[in-house]
Structure formats: structure tokens, C-alpha cells
Amino acid sequence: APALAQEKVVRIGYQKYGTLILLKNKGLLESRLKPLGYSVKWAEFPAGPQLLEALNAGAIDFGNTGEAPPIFAQAAGAPLVYVGFEPAAPQGEAILVPKDSPLKTVADLKGKTVALNKGSNVHYLLVKALEKAGVAYADIKTAFLTPADARAAFERGSVDAWAIWDPFQAAAEQTIAARPLADGTGIVSNYQFYFSTRAFADQAPQVVDAVLAGVAEIGAWVKGNPKAAAAEFSPLIGIPAPILEVALARQQYDVKPITPEVAAAQQQVADAFLALGLIPKPIRIADALRAPKS
Amino acid sequence: MSPTAQSESLALGAVPSVARQEAAEAGLDAGLLGRVRLAALGRALLPWALPLGVLALWQAAASLGFLSSRVLPAPGDVALAFWRTLKDGTLLTNISVSTGRALTGLAIGGGIGFALGVLNGVWRPAETALDSTLQMLRNVPHLAIIPLVILWFGIGEEAKIFLVAVGVAFPIYLNTFHGIRTVDRGLVEMARVYGLSSTALFWRIVLPGALPSVLVGLRYALGIMWLTLIVAETISSTEGIGYMTMNAREFLQTDVVVLGVLAYALLGKLADSLTRAIEQRALAWNPAYQPGARGVA
Amino acid sequence: MSPTAQSESLALGAVPSVARQEAAEAGLDAGLLGRVRLAALGRALLPWALPLGVLALWQAAASLGFLSSRVLPAPGDVALAFWRTLKDGTLLTNISVSTGRALTGLAIGGGIGFALGVLNGVWRPAETALDSTLQMLRNVPHLAIIPLVILWFGIGEEAKIFLVAVGVAFPIYLNTFHGIRTVDRGLVEMARVYGLSSTALFWRIVLPGALPSVLVGLRYALGIMWLTLIVAETISSTEGIGYMTMNAREFLQTDVVVLGVLAYALLGKLADSLTRAIEQRALAWNPAYQPGARGVA
Amino acid sequence: MEIFAASDADITAEVRAADIRATFSPPTPAQPPRRWKGEPIRLSGVTKSFGARPVLRRLDLDVPAGQFLAVVGRSGGGKTTLMRLICGLDSATSGDVFVGEARVAGLMPQVRLLFQDARLAPWQRVIGNVGIARGPAWREQAHAALQDVGLADRGRDWPSVLSGGQRQRVALARALVSRPGVLLLDEPFGALDALTRAEMHRLTERIWTEHGFTVVLITHDVAEAVALADRVVVLRQGEIALDVAVDLLRPRPEADGAEAADLRRRILAAV
Amino acid sequence: MEIFAASDADITAEVRAADIRATFSPPTPAQPPRRWKGEPIRLSGVTKSFGARPVLRRLDLDVPAGQFLAVVGRSGGGKTTLMRLICGLDSATSGDVFVGEARVAGLMPQVRLLFQDARLAPWQRVIGNVGIARGPAWREQAHAALQDVGLADRGRDWPSVLSGGQRQRVALARALVSRPGVLLLDEPFGALDALTRAEMHRLTERIWTEHGFTVVLITHDVAEAVALADRVVVLRQGEIALDVAVDLLRPRPEADGAEAADLRRRILAAV
Ligand SMILES: Nc1ncnc2c1ncn2[C@@H]1O[C@H](COP(=O)(O)OP(=O)(O)OP(=O)(O)O)[C@@H](O)[C@H]1O
Ligand SMILES: Nc1ncnc2c1ncn2[C@@H]1O[C@H](COP(=O)(O)OP(=O)(O)OP(=O)(O)O)[C@@H](O)[C@H]1O
Ligand SMILES: [Mg+2]
Ligand SMILES: [Mg+2]
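Chains as they are written, first to last, in my numbering: chain U, 97 to 390; chain Y, 29 to 325; chain H, 29 to 325; chain E, 2 to 272; chain A, 2 to 272.
These are calculated hints, taken from the structure and not from any lab test. Misleading hints may appear alongside valid ones.
To be verified - Stretch-level coverage of chain E by chain H, calculated; a stretch enters the list once three of its residues show a Cβ under 8 angstroms from a Cβ in chain H:
| hint | region |
| --- | --- |
| 1 | 59-70 |
| 2 | 98-112 |
| 3 | 115-125 |
The structure displayed is predicted, hence computed values, not measured ones. Even for Gly, the Cβ is constructed at its ideal location relative to N, Cα and C.
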């Protein structure tokens, strides 16, 4: 009994869409952590910001999100550290228009209304895509909407375009034949990141590594069996398997520790957000990296 | 308008006896009796006429293609989603988990709201000291204080129950306070003159006098109780009707969203019927609350 | 407990005259007069004692490091955020934009809720046909139907105002309905016997009798009005206090979140003070609503 | 929407007619009482039960237009119930009630009832309660009526500060100011001292004489009944136990002759 | 929390003492009245004004323990106000009121008041209203009291279905069942017919005789005052216009001799 009482817990936050939920479902992690004297407590969050909100409040130890939420969390002083990333998946986000839209290129967006989640990875995509197309950000109208609301506005024609990520992107493409003006290719990287708190990463690095190893294992499996993964995923999140398959195929699965290049790319995102006034003060991604293993 | 027609729509509490008498007369004639029974059935069904009418319109619009099924699925699709989630047990699990949270929150928050309403209602100094603060707290949006709630209660059940409790406390507080403040002062004087202790005064005069209003608060709180869950269950949930709905919304499963909304509506109706039953029992002395009663005019 | 002490905390409506008399006697003595004035000042400040006490505790906890400023910033930080947003004009813009939406929604939703409450209160058939449906609608969570609202109203102001209107309609409906149903039937009988037309009956008897309860509904609605904005302003907003707060929450800017929460609290208090002022004017005939009135016990 | 659509049209027509009449016929107190404005009341075989409790049993009663009828009876004897049937607030279990030509079904616009409890609207000031129906020139009329009942200086008060007898007088003022075809008075003088009561008697008699409406007065004071009424009816166990005409000349001083005393004794015996 | 912490301790002690006494002294109606339980009332220089309106002016009044005092006066004359001062519901603008030894400040536990309006709790059945204080064996006592006022079969009814006189009798039952040191009756018989009224007179007199409390009775019926009281006080314009002892032997039949008639005339003249 005393041994049980002393058993330690790692609290992992996951979102409905991503590798961690599969990891949870497959039960791969528990066996890896048992030898380290840890058990897992899973906590589900509707989106990245809420997950980091919990991380900030010390309610979870580990989690993953896209590239935008950690920038705000760090700007707010959250004690998070980047512990890993999935390779760039620029196709996993795009700017969509309805199928019969007259808009043909990003440059046509001038004067038009674009729906997007404020301060998300697609916000960065939009900024960069406009920059590339030579349209000033101030020359378009933005409508900040969550994916579900944006979909309604998009279908109703309240907005001309919609910057969105997978799996919503895939769903829109397949069910209403939305047409991408541009995806992230050649414009942005669209990484997925894994985080822990500074305290937890320092105190139990072996656990962090074990979780990352679990992520790698599940990633390899998804990559090898996209159909099976989609079939397994589909009932969990309620998105039809064919759509999921497309979305999963656009993801990359090869979790790695943060490299300087990735940190630099992320720093660019942070700087772009600073320029947009989304964060009040400059931040240094380098400050939120895991201490190199001694 | 003839006098008779007038008495139909305008007459006062007295008129039920007319109705009874008419029914009795009608009873002499079997055909009439049948018609009377039919009328009673009609009255029982009337409350459902509007919802069912909307449902029919909705199905018609969906069938005729006026509605994009991706935004508002046809009733048939929702029925399918209902059947699916019923079969795999998730619907019942979600409802029962949410019910547990809702009732716990109601017990705690309702108790606190009631106690504060009573305290501030019977004792002016308490009102002076507390009411302002409560009116401020009442206005704090749940969605905005979730980070704080997580800080205090973590991401477990406590946080969700706390939010429900806070949500239900205020309508009960306000209506209890109002009910107690407007208790007939003449009766309170009478009770004190007849030597009732403060406890007896409370149970025999103040509470019964405030009860109709308290029950209005309860009725409103029963709605809020469910509604708060949709916010509360965004905090690290995997079960619950609020979770089900918001999760489905997140992933554009409109059929499940509508199913969730319908579940909310029916739970609300259920809670409301319950309050009505309580009203009819507890306020048997008050003709305004009896089933036969008519509107005031 | 001495009889005098008892009269202090327990006596009825009559006692204000004692207080007045005591004050008059005290007036003979300058020192006493000063003390009486001081007591009045104390009474005026007492409602603020609790919020200010909490504020002081909070600052103390923050200064002593008991509170992580990441989660709950110190009052000083919030004051800074206040100053910053005040200077750059965003705070006032946000509040005024939200106020516009809130009041428009209140006017529409409050009007509808009141009208439905009156209709169902005075006319049983309407109640039978509509009340059930309203009790169901009341329970539909705003957050879940935003896509539908967008579909109906687009992403402009209409959608936001619609949500506010829906939010405020129900507390006003419920309390109006209850108020009308519990109007003294004796007075209604009297009015009809004295030949009052239905309009006159409504304005001279039914409405004044229901008013205390309607005002409770209004009071609650004034809170809901602000609270709904936090949901409504997630729909493609760039201004508004709900937008400001939720946006800051998204970006973990806790100082702004707390600023928003405080703004909500103060707006709620403001709305509440307004209702009280209305109550004191409109219910001047009712001793329970006058400033000198005491609790019932 | 017909929610509040009482027979307003009729009422307005009535009021307008009365108005025109008032305008064209100058007030002449010396004239003989205009009895024609009162309306007859007829009850035929009226039974009223509450649940299993019979309150009125096959009651027959004919009140000619303009008569001043007093009803006397024991507490709980069904007097108030009778009044409610006449003005249409309740309906009989069986039997018919007629006012004027019409069978009573629903409220009768020409009947006014002074309730046993004062029923003043607490949110109307005293003057507003008296002129509750807000006819033309109601304020002047209400003020005059308040003066009549000795409460001219209380018009601006809330009813809640009035004494019991003062409330009753406000209710009386409200009833008298309404000048109906049939006036039902349910113990209007119960809370008044002897002197005030005598004044109110004179007032009621004067307005009745001027206006000629039909009056049904419930009272517990047999002397009052004899002093005011044309006819006294005793209600006992839901039936009429005595129905006697009071053939005394008006004005009648308080203490009458032997005839009145004899009447009083007969009525008391029947109660 | 002292919100509801009236002087419960005292009351309970009182009740318990009375209880014990009742247990050990068998009821013997033949005994001389136990006057010692009544308490004296004393008003000295009592003035009461509402705003600028003086209602009582420097009133001095001494009521010995066990006396049956009747107060007569015009409507609005301040009689109810006087009662409220004695039982501590209101406080005087100046001057002192004493009940027993104690200066009245706040409610007096030994005083009971029958209000001018019946004040029945609508959510308590009739029997629950009579036994509102819920002493030991309250149900039997309440039932007996209801029997006394002739409403034995109405105990299970809601007050709302009672007639005006029935309500008043319920209130009377409630007042009599409480057996206080001082009983204040504010027009307890106003809504009763002559026969019921006479019964209630006898009832009140009997219980007073048995119990010996001090009674202050407000009435508009001078005959009633003379028939029941030891002493009659006339209140006029806030002052005592007449204070007269009624030295008639009890039991007093309704219509008394010349002495009573003379008294009545004197009182009426003073009102
Ligand atoms: N709504 C009701 N439901 C049941 N019983 C009723 C109702 N109204 C009156 N009663 C009963 O009918 C009887 C007659 O009542 P009513 O008020 O007519 O008496 P009353 O002659 O006016 O008496 P009082 O002189 O005391 O006013 C009473 O016994 C009363 O309890
Ligand atoms: N709370 C109050 N505020 C102002 N005036 C009041 C108040 N209570 C009573 N009064 C006034 O004081 C006077 C005396 O009232 P009180 O009730 O004592 O009369 P009363 O002798 O009992 O008369 P009645 O025989 O009509 O019941 C009245 O003119 C009344 O309007
Ligand atoms: Mg009656
Ligand atoms: Mg009085």
C-alpha cells in the first residue's frame, strides 16, 4: 500500500484531434511509465489555449498544441517549455473560398472578408500569405470566428474566405467542395509542439522522454496505417473516416526535440504576432526551451 | 362580444365552478361527454402543439432542401444520432453524468443562495453588508473566470460543480430575497404579537409567504443549472451533455449538436414540470396556483 | 437579550420612527449629532466594506507572494492595465460598444419577455399554448446555437443583439408571469366590478401589483444582459467588453481578464443600483421598498 | 387579440349616454327621485353550493327597480354569496339571476358592489381609489365624495396609513361616486362609530334618493336596516325566513316610534 | 447569529410555568376569578404623531390588572394606534407606556392583540391559524376554541373560503386561546350578527372571568361596551373625553335597566 500511495502521476492534457488522444486510446504509455513509478492522468481540452491555461495554472504537466497558443502563454509568463515538435505540415492549413467564388489568388483577397481564429496558426498563415502576395494586411477585413462559427458564416456567405486548419479544412473541402486559394506550402511551417512545465521537465525528464517516445511510437503507427488510424480515430471525434484520412495524411509524424531552426521559425511567428499587436511585449523562444541534457 | 363569451376569456377565479357545472350538465349526454373528454385531451396536448409544429416545419424545410443539412440537420438525422448515441450508451452516460453534476451544484448553490436570501431578507444589516457584493459577483461571467476556478479547484469535478453552484445561487438568492421582503407585514406583526419565536415565525409565516417567489427562483435556477454545464464541461471533460454538445460543435457534428440542444430543452421542460408539481402541492392554499385557475383577467 | 436590543434587530416596520425620534433627540447634543452623522456615513460605506476588504487581502496575498501573478495578477497590475486601456481609449470604446448592444438587446428581449409574461399571465389559453415551449427554449444554451444564430443573422450586430435579447427575455418573462399570476384577486374583482375596461384593469391593478416581481426580473436580466455579451462577442467582434475579456483569456493576459471581470462586476452593480432607484420610486406605496424599511424579522 | 376585449363598447356607450344626459339635464335636487334609472333584480330558484356545502337553497327574490332592500342574516348565512351572484362574480349552481332584462352571466356593467373588505388598491392614493374607474371629471367627483365621507384632507395619502373605519369610508365613497343601476353594499358601516355611521346613513339615503338606483344592503344592525330600507329580508340557512316591508315615512329619525321597534323585534326573532 | 433570537428563553419559561400550573391545578370554573394573572397597563403623557398629524395627545391612563376596559371613539380617533403602543408594535412620540412593571420597548410577550383586520395566514388551515403559537396540546385547545366560536367543523378549511364574520371569529378564537396577561381586542365583533355577537360576548366574558387577564376592548357599539366592560373610556381628538366606571352586576342581560341606558346616553354624548 505505501508503494501505491507514493506512486507519482503525470497529468497529460490532450485535444480531440492529435496524436495524444490516439496514444491514450491505444494505452501505449502506461506500460512505458510503470517502470518509472508513474501513472497517467488524462485530461481533455477543447483547444490549445484552454490546454495551456490549465498548464499555466499547474493543473497539467504535459500537453501539445499548434504553434500559436504557446506564444501567448509565454508572453503571459506561463512556465512552459517546448520539449518536442512534429515536422512541418504546411498542407495542414489553408485559405479556403467557396467553390463558385470568383477569387482565384491570394491577391484577390484585397478588400474581402476573411474568417479566422484570432491568434491561431492560420492568423500567421494569412499574414504571411498576404505578405507574399503583396497585399497589405490592412487592406482585407478579418472576421474572428471559431471553426464552428466560421463554417456557418462561410456557408452563409457572410465571409469571402476562411483560413482554417485540419481536420476542418479537409471536411470543408470534401463536403462543400471548398477550394483552397493557398495552403501553407512555401509560406509557413505549421509545426505541432509538445510542452511540459519547467518544473516538471526539470524534475522528471525521464518521464517527458518516455511520453515523447510513446508519441513517436504512435506516430509511426499512424504513418504506417493511415486507414486503420482514421478508422480508429473517426468514432472518437465524430468525423467521417475518409475525411480524416486526408487530414492525417497531411500531418507529419516524427517527434523530435526542438532544433535551433524550429526555434527560429517559431521566433518568427512570435515576432509577427508582436507586429500585429497580439502580444504586448517581445518574447524569446530560446527562453522556453528545455535545458540541454547534461 | 356577448356576455357569455366575455366570461369565457375574462372572468375571474370564480369561473371554474361554471366550467365544472357545464361539465356536469354535459355529463347527462353521452355525445357531449365524449366531446368534453376530447376537449380535455386537446388541452393536454395543446402545450406540445407549438414544438411539434416547429418540428414538422423543420422536417419539411429540410426535405424540400431549404436548409443545408450541414448547418441544421433534418429531424431524421437527429433521430438517427439519437438512436446511435442511445445504443452505444453515450447519451445516457452523458446525461447521467451531467445530472449528477447539476444536482450537486444545485444543492450547494441553491442552499447558499437560499440562505443568503433569507439572511438578507430578514436582517437589514446583512443586506447592507452583503447585497452589493452579491450583485457584483452575480455579474461575473463564468467563461472569464475559468482560469481562476481551475486555480482554486483544479480541473476535476469540483470546478464544474462550483460553476453550477455559482450559477444557480443567484436566481434563488434574488427571488428568495424579494419573496421575503414582500411577505405581508401584517401577518408578521400578528405572528410576533402572538409570541411566535423567530424560528416559528420563519417557518410558519415568512417562508410560506416567500415560497411562491422562491419557487420562481428555483424554476429559473433549474434552467441555469443545465446551462452552466455547457461552460463547466469545457474544463477537461470527457463526459456530460455539455461536453457532448460543445465537442460536437467543435467538430461540426451538427446532428449531435442539435440532439444536445433538444436534450437541454427537454431537461428544462422536465425540471419545469417538477417545479409546477411542487407549486401545486406547496401552494395548495393559493388559488392562483391551482390547475383550474385562470389568468387574472 | 434586552427588550431594546430586541427592537433593534427584530422589530417591524414601525421602528424607523423610533430611529427618527432618537435622531431628533440626539440632535440636541452636538457631539451626539456628530456621532449620528458618522453612523450614517458608516451605513453608506458598509456595502463597500466587503469588496474593499477582499481587494486588500488580494493585494496583500500578491505582495507576499502567496498568489502567482500569472494566474491572478496583483491589483496593482490590474490598475496598470486599467490605466493603459483607459489611455489608449480601448476600455471606453469596448464598454460603450457593449453598452449599445446590451441596451438594444434589453429593449427587444425585455419587451418580448414582458409581453409574453403579460399575455400568459392574463390569459390561460396563451399560457397553455406557449409556456411549455418557452420553458424549453429557455434551456437552450447560447454557446451551442451560435452557428445557427450566424446562419440566421450573419456575423454582424444582429446576431449579438439577438443573443442578448434571448438571454434577457426569460428572466423578465418568468417574473412578469409570476407577478401577474399572484396579483391580489380581490383587487381584480373589485376593479372589474367597478367597470374598469381591460386596459384600465391592466394599468391600474395588474401591472402595479406585478411590478415588484417584474423589477426582480429586470434586475436579474440586467445581469444576464452583460453576461450574454461574453458569448455574443465571440462572434466576429473586434470591440466590446466581452470580446476584450475573452480575447485576453485566449491570450492568457490575466490582468486584462481581471480588468474585464471587474468591469462586469461594476456594471452589474450600476445596473442594480438603477433598479433599486426605480423600485424606490415606483413602489413608493410599498413600505418594504422604502430606504428606511427593515427586514421582516 | 381579445384578451382584454371586455364589452368595452357597451360600457362606453352607456357612459357616453349618461354623460350626455348629465350635460343636458341640470342637477335639480328638488326633483322627485329619478327612480327609472334603477334596475330590478330577480332571483328564481337559485341554489349555490360550495362542494357539498349548500349555501343558498332554491332562493326566489324579486327586487323592483329603485328599491332599498336590506338583507339580514347570521354570520356565514350566504349574504355575501348572494351579492356575488347578483353582480356576476360567481355563478349559481342552479337557478337564474336577472338584473334588468338580462340573465346574469359574467359581470354586469350596471352593478357595483361595495365589498365586505375595503379592497383599496395600495398603489393608488386615496383619491385614485375613489375615482378608480376614471370617468370624466373623476377627480372633482372623487374629491366631492371624499368630502361627503369626511375624508377631504386624506386624498393624497396612501391607503395603508388609514384607520379601519377610514378605509371603509373610502370604499363607500368609491361605491357612491359610481352611480350605478344597482348598488350592492356588503356591510358598509360595520367599522364606523355611531355618529359617523349616522352621517353615512344620511349620505347614502340622500344619494340614493337623488339617483334612484336599486340598493341591496347587507347589515348586522337591525336598527340600521329598519332606518334605511324599504324592505328587509332575513336569510336563514340559505332560505328567506322573513320578508317584510318597512313602510315608514322618510326622513326617519334614528329612534323611531313603536312601529319601528316592533319591526326590529320581529326581524331579530327571525335571524 | 442573533437574527431570530427573540426573548425565546423567557417565553419558553413562561409557557412551561403555565403548563406546570395547569397540570397541578385542576380546572375549577366555580373558583373566584384568578385576577392575579392579569397585568396592569399605565400610560403617562403619551403623545403619538404621524408626521405632523397628532393622533394621541399627552394621554394618561391607568388600567388596573384584570380590568375589562372598553374604548369608544370616532373613526380615525387613534384607538388602534393606542393598542399598537400598548403591545409594543409602535413606539410613542413621547411619554411612556408600562405593562406590568416593564416600560414597553419592543414587543411585550404577555400582550396579545386581536387586530381590526383578521390577519389569518392564508397558508395555514383554520385550526393552524387558531393554534398559531403551537403551545403544548395546541390542537385540542384550538379545536375547543373553534367549537366555542361555532366553527368546529371548519378547522380543515383554508381561511380564504370563510365569510367575513367567520374570519373574525377565527381571529377571536386565536386571541382567546392564547390566554395572555393583557388582551387587546380591536373591534372583535364588528362583522357579526346580533345573535352570534351575543354568543361571543358571553364567551369572552366567561374566559375573561376564568382567566382574569386585563382586557382592552375597542368597540363602536356603546351597548356592547356597557354590557361587557368594567369601565368605558371615550377617546376624542386624541384625548380622553370621558372615563366612566360601569358598576353593574354580572352576568348582565342584554337590555339592562335604566342605569345602563343612562350610561349609554352619556357615552354617546361624549363620542
Ligand atoms: N369560495 C368558497 N368555497 C367554499 N366555501 C365558501 C366559499 N365562499 C363562501 N363559502 C362558505 O359559504 C358560506 C356563506 O358565506 P358568505 O360569505 O356568503 O356568508 P355571509 O352571510 O356573508 O357571512 P358574514 O356575515 O360572516 O360575512 C360560509 O360558510 C362560507 O364558509
Ligand atoms: N402609519 C401611519 N402613518 C400615518 N398616519 C397613520 C398611520 N397609522 C394611522 N394613522 C392615522 O392616525 C389616525 C388614527 O388611526 P387609528 O387607526 O388609530 O384610528 P382608529 O381610532 O383605530 O379608527 P377606526 O375606528 O376607524 O379604526 C388616522 O387618521 C390614521 O389615518
Ligand atoms: Mg359576508
Ligand atoms: Mg382602528
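Which of the numbered hints above does this structure break?
1
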